[in-house]
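Visitor: Heads up: the sequence shown begins at 38 in my numbering, then just goes up one per residue.
Simulated from the structure, these hints should not be mistaken for laboratory data.
Hints are not guaranteed to be accurate.
[Claimed, not checked] Pair ranges (Cβ atoms, derived):
1. G97 x D66: 33 to 43 Å
2. D48 x L70: 15 to 25 Å
3. G99 x I47: 30 to 40 Å
4. G99 x A52: 31 to 41 Å
Bear in mind the structure is a predicted one, so any value in this text is a computation, not a measurement.
A virtual CB, placed ideally from N, CA and C, is assigned to each residue, including glycine.
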Amino acid sequence: MANTGRRREIDAIAANLAMPDRHTRDDLDRTGLVRLEGVIPPEWLAAARADVDRFIARHGSGEHSMVDTDRWECPI
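Based on the sequences and whatever the hints tell you, model everything.
Guide: Pasting the structure below:
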């Protein structure tokens with residue numbers, strides 16, 4: 038069975054990009070960024086924030102390279 042949570046996220050993105058007022062699409066064309074409310078589940082955001090807090094607790098605050106995946110313990 039397909040991952041229904043991921044399917045809902047994809048459907049929400051598609052629905053936001055297809056808005057008749059074109060606000061979202063215009064923002065994407067103009068800036069390359071849009072805010073799609075409700076696309077990322079609150080549980081995922083909470084888990085991501087907890088991961089960041091754990092990383093900072095281990096490595097200290099400050100600047101960290103997000104490109105050097107070997108050094109920042111990339112989960113992928």
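Visitor: Hints broken by the structure, by number, lowest first?
Guide: none
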